[in-house]
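**Q** Taken in order, these protein sequences are the chains called A and B. Each number in the numbering used here corresponds to the 1-based position in the first sequence with 49 added. Each number in the numbering used here corresponds to the 1-based position in the second sequence with 409 added.
FYI, nobody ran anything at the bench for these hints, they're computed from the structure. Please read all numbers here as calculations on a predicted model, not as lab measurements. Hints should not be assumed to be uniformly reliable.
[As the list claims (entries may be wrong)] Beta-carbon label-pair distances, calculated as ranges:
#1 A/Thr128 with B/Gly458: 38 to 48 Å
#2 B/Asp471 with A/Ala129: 51 to 61 Å
#3 A/Phe121 with B/Val484: 49 to 59 Å
#4 A/Val200 with B/Val484: 18 to 28 Å
#5 B/Asp519 with A/Val161: 10 to 20 Å
[To be verified] Take a look, some chain B residues computed to stay more than 10 Å from chain A by CB distance:
#6 Val449
#7 Pro470
#8 Asp471
#9 Asn474
#10 Gly495
#11 Ile506
#12 Gly515
#13 Gly522
#14 Gly523
Virtual Cβ for every residue (Gly too), placed ideally from N, Cα, C.
These are the residues of each chain, in order.
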Amino acid sequence: MKHYDNQFTIEEIERLCQLYLDCQLSVLEETELEYVLTQCDFKSPIINETKELMSISHSVKFAETRKTRGSFWTWWMSTAACVAIALGTFTLFHHFNNSNKNSNNDYCIVYVSGKRVNDEEAHKIAEADVAKMQQFMQTVNEQKAQEEAKVEQFMNHINQSK
Amino acid sequence: MKRLIIILLSIFTAIAVFAKPPKLNVENLFDGRFNNNKSVTISIYKNNGNYYRGITVKNNPDIINKIASAIEKDVPRASGYSDYQGSDGQYTSLQIINNGETIYIGLQRDRHGGGFFFIQGKEKAFK
């Protein structure tokens, strides 16, 4: 540890620190200076400042490393999201395209007493059936309204009795 | 980013679930089994996005019972159900919601073993 204390004087180290602060050192020289600073016990404002800067530099490098990892995941997630969007859009387009095709495809098929009838007769029978269905629903709705009216009347009667 | 992916997956899952066909038991009655039956009239009609299927039965209690049984199996899925005895027969009615649209199912039974059965709704409800 004291090896560098013997090799460098405080003035020399300060001079190196000044060069470091002026960005005059190569990467290799910066690394060596960093090593020297960790091994020596010299203290001065410029040495302290250099040590601080080096630790900041380390944390910045560390952050950059993390960012690199993060950017890989971001890239991967973005790609996955793009693929999902593309697939989803294709599926939706395909679905709605088929829906439109089908909706233009009106038809009428009728079997009477075991035999399929022609289109004209089929339409007449189907339309009559649809009318019958509407009559059914009207009857059911009327019945429902009547039942509800009865229930309401019953509840009113109960409330009045109280 | 994770949140975005979760949202996208949720949307696609919702669409997939939303677009599920109803697979009703009563739909199986139109698989062709009654097409050649002489006591039955079958109508399958699609027009302007409306879908209608009907069976009219004359004097065949066996078929009426099969239809009633299929309706009973769909009752748990119904959002509305009514059954009443009218002067001209028994009325059974169901409403089932699928893909945001209502499917109407009805059966009117007469006193001679006959009846009229239908399924009706927007085309979207059956996809």
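**Q** Any hints this thing doesn't respect? Which numbers, in order?
**A** 6, 10, 12
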